Amino acid sequence: MNFDKLISGFFIILAMTLNFGFFYGDLSNIDLHSKYELFAAIVVNLIATTLKIGDKTQIGSVLLATSLVADIQLIAAATVWTIIYYTSGALDVHTTSIVISLSGGALLANITSVILYIGETIKSKR
Amino acid sequence: MKNSSLWLLLQKMRVPFIVIVVTYTIAIVGLISLDGITVDDKIYRMTIFDAFYFVTYTATTIGFGEVPYTFSYSQRMWTSALIYITVIGWFYGIGSLLSILQDKLFISEIKKTAFRKKVRKIREDFFIILGYNNVTKKIVGKMLAQGYRVVVIEKNPDRVNELILENYVPSVPVLEADIYDPKALELAGIKSKYCKGLVSLFENDNLNLKIAITAKILNSKIPLAIKSTTKHMTENLEDLGVEIIENPFEIISQQIQMLLTAPSLYKLTRWLYGMGDLRASTFNLSKGKYIICGYGRMGHEIKNVLEKNNINAVFIEMDATKKNTFSKKEQGEILFKDADDKEVLLQAGIEDAVAIIAGSKDDTTNLSLLSIARKINPKITTIARENEIENQALFNYSNINYVFMPSRLLIYKTIAALIDPIVDKFISHAIEQDEVWAKELLGMLKTKVGDNPSTYELFIDEDHAHALAERIKHREPIKLETLIRSRANRDEYNPIVALLLLRKDELYLLPDMSDIALEYGDQILFASHRDAIEDIEYIAENIHELAYVLGERN
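These protein sequence lines map, in sequence, to chains A and B. Heads up: take any position in the first sequence, counting from 1, add 41, and you land on my numbering. Heads up: take any position in the second sequence, counting from 1, add 16, and you land on my numbering.
Honestly, the hints are just simulated from the structure, not real lab data. Don't take every hint at face value.
A few chain B residues that face chain A, going by a derived Cβ cut-off under 10 Å, partial list only [unchecked claim]: (1) 20; (2) 23; (3) 27; (4) 31; (5) 41; (6) 44; (7) 50; (8) 53; (9) 60; (10) 63; (11) 233; (12) 234; (13) 237; (14) 238; (15) 324.
Quick caveat: nothing in here was measured; it's all calculated off a predicted structure. A virtual CB, placed ideally from N, CA and C, is assigned to each residue, including glycine.
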């Protein structure tokens, strides 16, 4: 068993699942989406990104790129949420949908990342 | 990936970054899960943003105080814990970043990247020079003066700094790396289409050979100027296809040969290499008995020359330990004694010798033994070998008849061979001529174009001689003499001497100007003064000027 692979695989997949957990639910109702889950998704995504840094291979660079996309989308979602919450007090349907759809985009990037990761694992013979 | 320095930085920052993320997360999670009390004594919990804000300024030790409300004791207890975790995590991150920025490997990667960028930006012809020392320093200066760019690879950091402090204009990119490292050569742009040559003039023959092999593998089209001090090494380099092989000792023996038999030729070559003008007083070596101090690689070459000219010579070798490396016959001919001694010089027969050559590797010995020699025999011709450029002033003041310096000859010859290959070619053919030929040419040059004429090379193609190339392509017969007519009055000729005409496999030394018709691809070497050369340039480039000198228009 490769301990490095275990760690990075764990974080990459956890990033996706947390992301999905936040995204899943009614697009217009913010009560169905936990802010703590978004926070956890951001933290795990950041760790996953860091773990991918330093791999100079082709696949490593693409993996890093997907992770960076997910980071930007999730942080954007959190920022929008924070700004709206502290400026207008509560989220309306429109702003809620912005936050959720941003995290939806991040989910796509995370899914791509997991597919690439699995593909690479299958390809390697060991 | 191209930018490996950035990757190195990111890779080394992985752990510190994870530490920061994890410590922040722990601190934030703790803060949002603890109960606080508002001013109205109500229980509240921090939002994620509140917690993030608090941790951000606490971890960086900025400390804005307890917001949004004064903390409860449970919050304060957690805060004291989180300060220790996050501040340590943050400092660890900053510390790692600073240590990476000071890391030797990282710095050298940054320098490499900067070097590669500089080399890639060069959009003019440039030369790669390996090693930065007194010899290559002169070459760098001369090449820059001629309008070429230079790239240097040097292993010694002190020398690299010396080059940087020299502040060359235009700038000379320098890389601190192993000279024979193929990667360093690639970084220096050996594969670039602008690279016009590589110079390697190290003392160590094997190092030079190693470089020649590497360079030829990387790019076989680039002309190499490599130094070689033995016949064996020269043959090896020839087999590799090295274009320019410089043997300083062979050059010296060639010069002595010229001084003995053809002083005019010697003057001509000096002028062509740019080491002096045609006026310089001739220094004539007379035949008679010679004493040569120092019998190393150079001594051998001198011996061959003197034997060829049937000149008697006595050789003195100061290093007696070398004795066993010579053959029995040689051992009998050579005196193994300290030449820097009156008795020894007398024993060698200094009183009736016509010339003494001090050719040891030590400048002080050379100077002192010549002054002793002159005391015993005031009429003797003194010839010294100068090893270090720094000692030039000493030699200039010491009244020696002729000072030769292997490294200086090497500088001029290398530059000529790389920048003006046609001049080098002319010299190599001129050397085979005799004194009568040289004297005649010298006289002609002096009367026609003055004491210090310039040389000019014309290459007949679209880029260098547009008007001429067009006409020649249409099969119009244009004589060489067309080019030397005056633009002011076509019936008059400018004072110009054509030294050499190169045509594919043919070579015309001092071509007959009224006889030879030009062809496409011809290379012609002229000697004249600046104004006349300008006329040639105009006639070759401009269709109107060409039509005028051909008599087609007024």
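For each hint, the structure was consulted:
Given the 10 Å rule on beta carbons, the hint for residue 20/B holds: about 8 Å separates it from the nearest Cβ of chain A. Hint status for residue 23/B relative to chain A: holds, with the closest Cβ pair at about 6 Å, below 10 Å. Annotation: interface hint on residue 27/B holds; nearest CB of chain A at approximately 3 Å, less than 10 Å. About 9 Å separates the beta-carbon of residue 31/B from the nearest beta-carbon of chain A, less than 10 Å, and the hint is met.
At about 5 Å, the closest approach between the beta carbon of residue 41/B and any beta carbon in chain A falls short of 10 Å, and the interface hint on this residue holds. Against a cut-off of 10 Å between C-beta atoms, the interface hint on residue 44/B holds, since the closest Cβ of chain A lies about 7 Å away. Residue-level restraint check for residue 50/B is violated (minimum Cβ-Cβ distance to chain A is 14 Å; threshold 10 Å). Taking 10 Å as the C-beta cut-off, the interface hint given for residue 53/B is violated, the closest approach to chain A being about 21 Å.
Checking residue 60/B against chain A by beta carbon gives a least distance of about 15 Å; that is not within 10 Å, so the hint is violated. Residue-level restraint check for residue 63/B holds (minimum Cβ-Cβ distance to chain A is 8 Å; threshold 10 Å). About 26 Å separates the beta-carbon of residue 233/B from the nearest beta-carbon of chain A, more than 10 Å, and the hint is not met. For the restraint placing residue 234/B at the interface with chain A, the shortest Cβ-Cβ distance is roughly 24 Å, beyond the 10 Å limit, so the hint is violated.
A distance limit of 10 Å between C-beta atoms decides the matter here; for residue 237/B the minimum to chain A is near 32 Å, and the interface restraint is violated. A cut of 10 Å between beta carbons decides the hint on residue 238/B: the least distance to chain A is about 30 Å, and the hint is violated. About 63 Å separates the beta-carbon of residue 324/B from the nearest beta-carbon of chain A, more than 10 Å, and the hint is not met.
Against the hints set out earlier in the document, violations occur for numbers 7, 8, 9, 11, 12, 13, 14, 15.
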